[in-house]
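*Asks:* Please model the complete structure; the sequences and the hints are all you need to start from.
Numbered by our numbering, the letters in the sequence shown go through residues 2 to 647 in order.
Be aware that a few hints might be false.
[Claimed, not checked] Think about it this way: if two alpha-carbon atoms lie no more than 16 angstroms apart in a straight line, the pair counts; the simulated EDC-like pairs of lysine to aspartate or glutamate are:
id, residue 1, residue 2
1, 248, 301
2, 594, 365
3, 431, 441
4, 285, 377
5, 285, 238
6, 168, 258
7, 201, 174
8, 431, 405
9, 314, 283
10, 361, 561
11, 314, 405
12, 310, 377
13, 310, 283
14, 594, 565
15, 310, 405
16, 594, 561
17, 274, 299
18, 201, 188
19, 190, 170
20, 248, 283
21, 361, 565
22, 314, 402
23, 470, 434
24, 285, 307
25, 168, 220
26, 274, 290
27, 361, 385
[To be verified] The calculated label-pair distances, taken between Cβ atoms and stated as ranges, are:
id, residue 1, residue 2, range
28, 42, 318, 52 to 58 angstroms
29, 308, 385, 47 to 53 angstroms
30, 276, 152, 33 to 39 angstroms
31, 134, 563, 50 to 56 angstroms
32, 563, 244, 53 to 59 angstroms
Hint data in this document are derived by calculation from the structure and do not stem from the laboratory. Computed from a predicted structure; not experimentally measured. All C-beta atoms in this analysis are idealised placements derived from N, C-alpha and C, irrespective of residue type, glycine included.
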Amino acid sequence: MPLPDKMRFKRWIGFAAVPVLIVIGIVVLWQWDWFIPQVEARASAALGRPVVLGHLHVRPGRVTVVTADDVRVENPAGFPAGPPLAQLAHVTVQLDVMRYIRRRAIAIPLIAVDRPQISAVATADGANNYSFSLPGGGASEPSLSAPQIERLTIEDGHAHVLIPRLKTDFTMDIATRAAETPQLVVDAKGTYAGQPVTGKLISGIVLALEDTIHPFPIDLRLAHGSTTVSLVGTLQDPIHVGGANLKLALAGADMADLYPLTGISMPTTTGYKVTSQLAYADRKLGVSDIAGVVGNTDLEGSIAVDPGKSPAKVTADLHSRRVNLADFGGVIGSQPGSAGGANQNPEQRQAVARAEASPKLLPDRPIYLPRLRGTDMHVQYRGEHIEGRSIPFDTFDVRMDMVDGRIILHPVSLGVGTGQITGTINLDPKADDTIHTTADIRLQRVDVSRLMAATHVFSGAGHMGGEAKIDATGNSLAAMLAHSDGSVDVYMIGGNLSALLVDLAGLEFGKAMLSALGIPEQTDVACLIGQFALQQGVLSTRTLLLDTSQAVISGSGTIDLGTERLNYQLKTKSKHFTIASLPAPIGIGGTFKNPSIGPDLASLGARGGAATGLGILAAPLALLPTIQFGVGDADRCGPLLSGTHK
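*Replies:* Right, here's the structure in full:
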């Protein structure tokens, strides 16, 4: 029997109410937290460490809003107990669903991060909680365009970085602030590489990763120990560091202190202040318009870095109008700077004072070598004018090529008046940190008057020539010379004996030497010939003859470069024979810094020294055909070697 219409309507209402009630129940009872396990699992798999969410909220719509509360990114398994890598009070992400449906574009109107806390920690054994080993994917999915992030906000963010091996412990405050162009602001304070560090970064916010239209501003100020860094300008393409228009300013007490900040080793220097312009294009870094000072030396030029080559290539072209060689003493292992020099901090002044008070003259600190793994360097440096107390050089020019860790200086050129000292030096670092060094040095018409003018007291004239060949091993200049072999030959025509000896040996010592030799303080030099053999750091005399207007002086003995000791004898044969003009041979002893001079008592009885004086000329006769004086007037030395001088 059919049901009445009223009954059928009530039954239909009853059936329809069931799904409505179910929907209402779902809406009332629905918890987005039910999806937390799936979200945590996917995030944990992506990051390779546990990710925990406290709550998850979703507000569907054309622009869907997803908020996660109490987010924690835990430390990797087995890491010591402590704060997690990251904690975030709230993370809110807005997703433009309609734009994705219509254009397949990922549009994110907002990412808001509230109170992020980062704890990047390393242990004493080198393990850390911030290195990620992200799993590789399988078959690649169809690529989507990069996300378009319209707005990013960070509120009350903090980070703590602790790396004991690097002596690093600093904190950062991180936040965004509204401005005409939104800004990211980071303040840092603590220690880095064992030195106090403070820094402030104000930059734009990378919103659209493909946005290359709007310049990305950067303003970084950093103080690390005595070093200050300023980097100000813009990037046209911040993701690829392209279109750079950045001005870099560096200042500090020692360029060697830049290593923790740049990863590039530099020699110890005096105080410096340098500015430059940075550019990056075609994956190459350019440093141009370099201008500044290092101690008393100005510096200009450019540097180009091509990391895309294998090995990477660095090319530098640098020059100075005024050079003080003492500013670069760190290159050869000595303390840079001189007493009272400019741009020195108290520690450097004390170090210079200690070096000057040391009984040793040769520096025993390791020589600086620019050891950059996987990098070849080609550097040209020119100094237009060399300044400094008693520095006899006028100009400086060197080309350095470092290939496969080996360094070639070719040539090294020092201008001295109208002449020059040139050479080729090869340095080959060994596994035991020693350096095998070979050097071929030549003196070409070196102007003696320029040597004398450097004293600002004496004058002289003439030209000096010669050559030196050295094969040495060691990690410092002192060690190299102590373990060296080779030869040294020098020749001089013209000049003034008083100026030469006083300048090279020191005022009082020079006067004492002249007096002991029976030579007036003012006497002209006709010719000087010196030939020496170098074996295991000991310089032995083959020939030393000096022809002056008053006498002929010969020398013999050794100079020990390892112990810095002198064991030398000089004999005089007067050109104007008198009994008084035949003094006994004199001995020169002591150290390089404190030489001594006195009569050679063992030879004092051989007062009839005329025969000895004549006899010393016989041996060099055979050397005359082999000597290349390099001073343009070999004939003036001929009489000295032949014994026909008058």
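*Asks:* Is the hinted range of 33 to 39 angstroms satisfied by the C-beta distance from residue 276 to residue 152?
*Replies:* For residue 276 and residue 152 the Cβ distance comes to about 35 angstroms; the hint holds.
*Asks:* Residue 361 and residue 385: Cα distance at most 16 angstroms?
*Replies:* 31 angstroms, violated
*Asks:* Could you tell me whether the CB distance from residue 308 to residue 385 stays inside 47 to 53 angstroms?
*Replies:* 32 angstroms, violated
*Asks:* Do the alpha carbons of residue 201 and residue 174 lie within 16 angstroms of each other, as the hint requires?
*Replies:* Between residue 201 and residue 174 the Cα gap is close to 10 angstroms, so the pair holds against 16 angstroms.
*Asks:* Starting from residue 248, check that the Cα of residue 301 is at most 16 angstroms away, please.
*Replies:* At roughly 15 angstroms apart (the allowed maximum being 16 angstroms), residue 301 and residue 248 satisfy the hint.
*Asks:* Is residue 285 close enough to residue 238, meaning Cα to Cα at most 16 angstroms?
*Replies:* Satisfied, since the Cα-Cα distance of roughly 14 angstroms is no more than 16 angstroms.
*Asks:* Does the structure keep residue 310 and residue 405 at a Cα separation of 16 angstroms or less?
*Replies:* Given that 16 angstroms is the threshold and the Cα spacing comes to 14 angstroms, the pair holds.
*Asks:* Does residue 283 sit within 16 angstroms of residue 310, going by the straight-line distance between their CA atoms?
*Replies:* Between residue 310 and residue 283 the Cα gap is close to 12 angstroms, so the pair holds against 16 angstroms.
*Asks:* Checking one constraint from the list: CA of residue 285 to CA of residue 377, max 16 angstroms. Satisfied?
*Replies:* 15 angstroms, holds
*Asks:* Run the distance test for residue 201 versus residue 188: straight-line Cα separation, threshold 16 angstroms.
*Replies:* Holds. Residue 201 to residue 188 sits at ~5 angstroms (cutoff 16 angstroms).
*Asks:* Are residue 274 and residue 299 close enough, with their CA atoms no more than 16 angstroms apart?
*Replies:* 10 angstroms, holds
*Asks:* Between residue 168 and residue 220, does the CA-CA distance stay at or below 16 angstroms?
*Replies:* 26 angstroms, violated
When each numbered hint is compared with the structure, violations occur for hints 3, 20, 23, 25, 27, 29.
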